[in-house]
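Turn these sequences into a full structure, and let the hints guide you.
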Amino acid sequence: MEFLSYLISGISLGSVYAIIALGYTMVYGIAKMLNFAHGDVIMVGGYISFCGMMYLGLNGWLALLLAMAVCTVLGIIVEGLAYRPLRQATSLAVLITAIGVSYLLQNTALLVWGATPKVYQPLIPLANADGQPNALRLFGGQLSISYMSLLTMAACIIIMVGLTMFTSNSKMGKAMRACSEDKDAARLMGINVNTTISVTFAIGSALAAVAGVLLCSFNPTLMPTTGSMPGIRAFTAAVFGGIGSIPGAFLGGLLIGVIEAMAKAYISTQLANSVVFAVLIVVLLVRPAGLLGKYVPEKV
Amino acid sequence: MAELLKVEDINVYYGAIHAIKGVSFHVDEGEIVTLIGANGAGKSTTLQTVSGLLRSKTGSIIFEGKSISGVPAHTLVSHGLAHVPEGRRIFLQMTVEENLEMGAFTQPNASTASSMEKVFAQFPRLEERRRQIAGTLSGGEQQMLAMGRALMSHPKLLMLDEPSMGLAPILVEQIFDIIRELHKAGTTILLVEQNAQMALSVADRAYVLETGKITLSGTGAELAQSDAVKKAYLGG
Ligand SMILES: Nc1ncnc2c1ncn2[C@@H]1O[C@H](COP(=O)(O)OP(=O)(O)OP(=O)(O)O)[C@@H](O)[C@H]1O
Ligand SMILES: [Mg+2]
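Line order of the protein sequences matches chains W and F. If you count by the working numbering, then the first sequence holds residues 1 to 300, one letter each, in order. If you count by the working numbering, then the second sequence holds residues 301 to 536, one letter each, in order.
FYI, nobody ran anything at the bench for these hints, they're computed from the structure. Accuracy of the hints is not assured; some may be wrong.
Here are the computed lysine-lysine pairs in the DSSO-like style, where the Cα-Cα straight-line distance is at most 30 Å [said to hold, decoys possible]:
(1) W:Lys32 x W:Lys183
(2) W:Lys32 x W:Lys171
(3) F:Lys357 x W:Lys32
(4) F:Lys530 x F:Lys321
(5) F:Lys456 x F:Lys484
(6) F:Lys484 x F:Lys366
(7) F:Lys456 x W:Lys171
(8) F:Lys357 x F:Lys321
(9) F:Lys513 x W:Lys183
(10) W:Lys183 x F:Lys418
(11) F:Lys321 x W:Lys183
(12) F:Lys366 x W:Lys183
(13) F:Lys418 x W:Lys171
With the C-beta cut set under 10 Å, the calculated list includes, among others, these residues of chain W facing chain F [as the list claims (entries may be wrong)]:
(14) Ser168
(15) Ala175
(16) Asp182
(17) Asp184
(18) Ala186
(19) Asn194
(20) Thr195
Backbone N, C-alpha and C fix where the C-beta goes; we use that ideal spot for every residue, glycine too.
So this is what it looks like as structure tokens:
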């Protein structure tokens, strides 16, 4: 029973990583860049939803929508101002810029919201009015799964299915896949590559806002650095699953969440990160493209 | 006949490398014009400049009387210009059908199905394999897909960059038969080839490109008879 409850907490944490990893992997797949500022968009999403609830009196769901809208715009602006001028630049220059954007977002947050952690109101309160946990009880109360965890897992599955349908069925989604394979060929088809990249950033950033709200609902202290560590774990998850692959990000996110939860439970809290990265290294040694990363034969 | 494409005095650079040096040529409506030349002569660079993937420092490119130099590449398809690039460049991880849909990206969704039927009529092999991942097609099938994909936009001018590259002789024949058919159906074609013999046999007119300059031009038959061309490109 104990194991099951660790497993479930790992899966729900992993669902958040998966949602973040989807953003990393889509941007990597299409723009061929590692957007290291992606984690900080999560933090911005957290603060925006916090402000929505605190100062505008919105309920959690409307605050979530507000955060998604703001992050979408933020993602498009960052891409347009910081990354688009570097389209022909070396990947190192782009990487350094992304790190710069990350610091810019963190320090702006520090300036605007200060260093004191904010106490975040979870999307679904962890306990109800009588102090009973808001959770689904199974096996006569031996196993309890919080509604927040259930919501997170559901959100992750819905997002994953939605994105898969979008990229395999819609015209824009197919254009994204075309751009990810060959930008010049896509241009020759009449696809506006810049627009496609903007849309990708918009989607990734909206997902980061969702992740921010979910993350802060589990871990209700909100600081300018809130997004960094989950961002790095989710990046690990994306690489683990095979960067560029949507199901890979999903699988990688879940696995990293479960490995982290198990390592914390059975090894030690301090070593959890080391265990996560050790597993990553082993996987990459065995499968350099990640679990679901693929090689495609090219004919000449 | 009306001039469809007029390229005048273009100069294209790759950094310090001066790849195209003052090239001018034109393609009239309904013609097959071929650009032949050795490896590295600048044939692909010329086509990429016409389709907007590369920029010329000087000169002008006029399509249907309108200047298209400096216009973003992705807007040219809707002007009626399609480019089948060297090495086919199909989307290897997408299905045959999806590749064709991408070819119709700028077309209204409602017309995609009928355009696809037309392409399938031209290339029945593609229809049999419509749900196959393009990366698993044979080289010849990939070339058919690349051409079919370009035709999805109903181009007025079809630019083909070495469609015969890497194909067995029988497939080369097939590809050239298709070029003749497309031409008969009214498509104007600008053909880049290393296979000079085949290219000159279908072309109305031809240009010879040597290290970034046009050194000879004439009708296909004239150039096929020319001693210089015979020596350099036709093996005697
Ligand atoms: N991306 C590039 N960077 C630098 N130089 C290039 C680049 N692409 C082409 N070149 C150079 O420009 C010149 C013309 O190349 P281009 O590809 O147009 O030749 P081509 O006539 O198409 O040759 P081939 O028959 O081999 O395809 C060559 O000298 C080539 O080395
Ligand atoms: Mg070439």
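**Request:** Tell me, in ascending order, the numbers of any earlier hints that this structure violates.
**Result:** none
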